[in-house]
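Q: Sequence:
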Amino acid sequence: MTYTRDHAARLMDLTLLKPEATAEQVGALCAEAGELGVAAVCVSPSMLSVVVASLDPGIAPCTVIGFPSGAVDTRVKAIEAALAVAAGATEIDMVAALGLIKAGDWGAVEADIAEVAAAAPNALLKVILETALLSDKEIAEACRVARSAGADFVKTSTGFHPSGGATVDAVRLMAATVGDDLGIKASGGIRDAATARAMLAAGATRLGVSAAAAILADW
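Residue numbers (the working numbering): 17 to 235.
Bear in mind the hints are in silico, worked out from the structure with no lab data behind them.
Treat the numbers as computed from the prediction; the structure is a model and nothing was measured.
Do not take every clue at face value.
To be verified - Straight-line alpha carbon distances no greater than 16 Å define the calculated EDC-like cross-link-like pairs of lysine to aspartate or glutamate that follow:
# : residue 1 : residue 2
1 : LYS118    : GLU154
2 : LYS118    : ASP152
3 : LYS153    : ASP185
4 : LYS153    : ASP121
Required output: the full structure, derived from the provided sequences and hints.
A: Rendered as structure tokens:
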């Protein structure tokens, strides 16, 4: 598929998740998002109020849950999700319980996702799998479990784990597993147009990026 610059922009989540990010920086990010025409702006929960107050209509306020480790009590994730929606988030990126995935405790993984989905039933829910940490078998099963639990998207990475970010192979496997049932968000290490195009060609339907302006300038 050929993507125009504007189409590519509408597939991007412009992201600022550095813990030291200031309200001024987040406000500037929202202004940039409006100029670029991206799909969403994703920030830490503490900065969500700045995004909701600053974003142009048509751009989704997004925040993260259980970030970046996923090793958070499920009840806390659910509370985070409910608070985020109450504060104006329409999209939520939650980190799956990575230790449970590695242990193969799929029932517990599903319950973790399902509780967040239930706490934020009207929000678009993206489940971060940290695919660079997982085997192909674990990626595929985690995608199937996320689908069963009520997720809308599966997402490759937080961008914070030392194992790495998105890869074309992981995106291709995720897309092959979920088909058209879920969206695929590629995130982590996408810094240029060539990499963004490769992720879209592999099956990504959303891109998590911090360098959207630079990527689109080269489109």
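Q: Decide, hint by hint, whether the structure agrees.
A: Outcome of the hint check:
no.: 1; hint: LYS118 - GLU154; in the structure: 8 Å, holds
no.: 2; hint: LYS118 - ASP152; in the structure: 12 Å, holds
no.: 3; hint: LYS153 - ASP185; in the structure: 13 Å, holds
no.: 4; hint: LYS153 - ASP121; in the structure: 14 Å, holds
Hint violations for this structure: none, all hints satisfied.
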